[in-house]
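*Asks:* Same order as they appear, the protein sequences are chains A and B. Read in order, the letters of the first sequence correspond to residues 347 to 459 in the working numbering. Read in order, the letters of the second sequence correspond to residues 17 to 127 in the working numbering.
Simulated from the structure, these hints should not be mistaken for lab results. We put the beta carbon where it would ideally sit given N, CA and C, even for glycine. Just to be clear, a hint being listed does not mean it is correct.
Looking from chain A toward chain B, a few residues come up when the C-beta cut is under 8 angstroms (computed) [to be verified]: (1) S379; (2) E394; (3) L436; (4) F450; (5) P452.
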Amino acid sequence: KAGVTQTPRYLIKTRGQQVTLSCSPISGHRSVSWYQQTPGQGLQFLFEYFSETQRNKGNFPGRFSGRQFSNSRSEMNVSTLELGDSALYLCASSSGSTTDTQYFGPGTRLTVL
Amino acid sequence: QKEVEQDPGPLSVPEGAIVSLNCTYSNSAFQYFMWYRQYSRKGPELLMYTYSSGNKEDGRFTAQVDKSSKYISLFIRDSQPSDSATYLCAVLKEGAQKLVFGQGTRLTINP
Numbered sequence: 347k348a349g350v351t352q353t354p355r356y357l358i359k360t361r362g363q364q365v366t367l368s369c370s371p372i373s374g375h376r377s378v379s380w381y382q383q384t385p386g387q388g389l390q391f392l393f394e395y396f397s398e399t400q401r402n403k404g405n406f407p408g409r410f411s412g413r414q415f416s417n418s419r420s421e422m423n424v425s426t427l428e429l430g431d432s433a434l435y436l437c438a439s440s441s442g443s444t445t446d447t448q449y450f451g452p453g454t455r456l457t458v459l
Numbered sequence: 017q018k019e020v021e022q023d024p025g026p027l028s029v030p031e032g033a034i035v036s037l038n039c040t041y042s043n044s045a046f047q048y049f050m051w052y053r054q055y056s057r058k059g060p061e062l063l064m065y066t067y068s069s070g071n072k073e074d075g076r077f078t079a080q081v082d083k084s085s086k087y088i089s090l091f092i093r094d095s096q097p098s099d100s101a102t103y104l105c106a107v108l109k110e111g112a113q114k115l116v117f118g119q120g121t122r123l124t125i126n127p
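Here chain A stands alone, though its shape is the one from the complex:
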């Protein structure tokens, strides 16, 4: 069974630009969650999508948005990039049940210059 895939793996952008990251979950999984990992703040929850609907949301500004497609693939968008958005962005997929394991992808390393 293929794992969670994320593209691109590395990205360099400049302040003010926008970026779109992609996540393909494990086949059959309907829930995709996004997390931001930085050395200072650690791993923080951004949002979760289940069956194309945002089901949970973390405490991030509106510049961070996402969506999920009918095949469960998900995209995350960050507009008007700031230096502080430099981070490893991880997505995790699961069946959607609380007791089910969340499987993480390798992440997308975003650098904002």
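Please build the complex by placing chain B on the supplied structure of chain A, with the hints as guidance.
*Replies:* This is chain B only, laid out in the frame that chain A set:
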């Protein structure tokens, strides 16, 4: 105050030692407790998942949860150099998919 507190280390021990990693959490609504391991340049991978107070063992790994003191632990027996990684505790509320992570402890096992 963070919802989950974890000493970031770094922690360095000799091969074969018993390693103890710990976290505390503040909200009694957290009902599910996990330990993830993260190697450099990789995503976190689940090591242990427990639902209740007590011990859960899997090979050289033992997860311990004490809900009365809001304390979770991971023990690694006979530690190996391949165990060198960052270990993250995570907690979850019933009905939620939002994992709340500790800061992560960077562990090095020296041959």
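*Asks:* Determine for every hint whether it applies to the structure shown.
*Replies:* The hints, checked one at a time:
no.	hint	in the structure
1	S379	6 angstroms, holds
2	E394	5 angstroms, holds
3	L436	5 angstroms, holds
4	F450	4 angstroms, holds
5	P452	5 angstroms, holds
Violated hints are absent here; each numbered hint is respected by the structure.
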